[in-house]
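Asker: Sequence:
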Amino acid sequence: MNIVCACPACHTGMYQASIEDASSITCPTCGQSIAIPQGGIQFAEQNAHPRLVRCLVCPSTELFVRKNFPQRLGIAIVIVGLAASCVAWGYRDLFWTFGILFSTALLDVVLFFVVPDCLTCYRCGARYTGINGMGEFGNFNLETHEKYRQQAARRRQSTLPS
705 MNIVCACPAC HTGMYQASIE DASSITCPTC GQSIAIPQGG IQFAEQNAHP
755 RLVRCLVCPS TELFVRKNFP QRLGIAIVIV GLAASCVAWG YRDLFWTFGI
805 LFSTALLDVV LFFVVPDCLT CYRCGARYTG INGMGEFGNF NLETHEKYRQ
855 QAARRRQSTL PS
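Residue numbers (this note's numbering): 705 to 866.
Just so you know, the hints here were simulated from the structure itself, not pulled from any lab data.
All of these numbers come straight from a predicted model, not from anything done at the bench.
Do not rely on the hints blindly, as some may be mistaken.
As the list claims (entries may be wrong) - Under the rule of at most 20 Å between Cα atoms (straight-line distance), these lysine to any residue pairs were calculated in the SDA-like manner:
1. Lys771 to Pro865
2. Lys771 to Ala787
3. Lys771 to Ala710
4. Lys771 to His849
5. Lys771 to Cys714
6. Lys851 to Pro865
7. Lys771 to Phe817
8. Lys771 to Gly834
Said to hold, decoys possible - Restraint ranges, calculated between C-beta atoms of paired labels, are given here:
9. Thr833 to Leu798: 23 to 31 Å
10. Phe747 to Gly829: 19 to 27 Å
11. Phe816 to Ser737: 56 to 64 Å
Glycine included, C-beta positions come from ideal geometry on N, C-alpha and C.
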């Protein structure tokens, strides 16, 4: 099981592999250590894959399944495909216009089946890969995401100087 998260102290990205064997996650930049909570990872049987119960960075138990793919890259692929097809349309080349659109859609389908899933925490955004049993967690829920987004906005607003 691997984790990619932001350090709570310096907000730089951290990556650690084999977290089920570790007792803490240490930031390589500032050196802050995040202790892995007891019961955060459950081991069902000897030699069985561990099961994630909650986020190991924050106290949240609400996680969702998503593709382990950068959203900005996906949007960039769509925008480039759209722009290229618009250029072909401007040259009145119908074959190239639809060829570019269909190849962009085909690339999207291939990426969907090739890119693995990961678990993501609603609260802190930590991503967990190499996990079995992701079916216990649902897909993205906008209501849950909005709840955590509003909580973060209130926390930021309460810490602002008056």
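Asker: Broken hints, numbered, in rising order?
Answerer: As far as the earlier hints go, 1, 2, 5, 6, 9 and 11 are violated by this structure, in ascending order.
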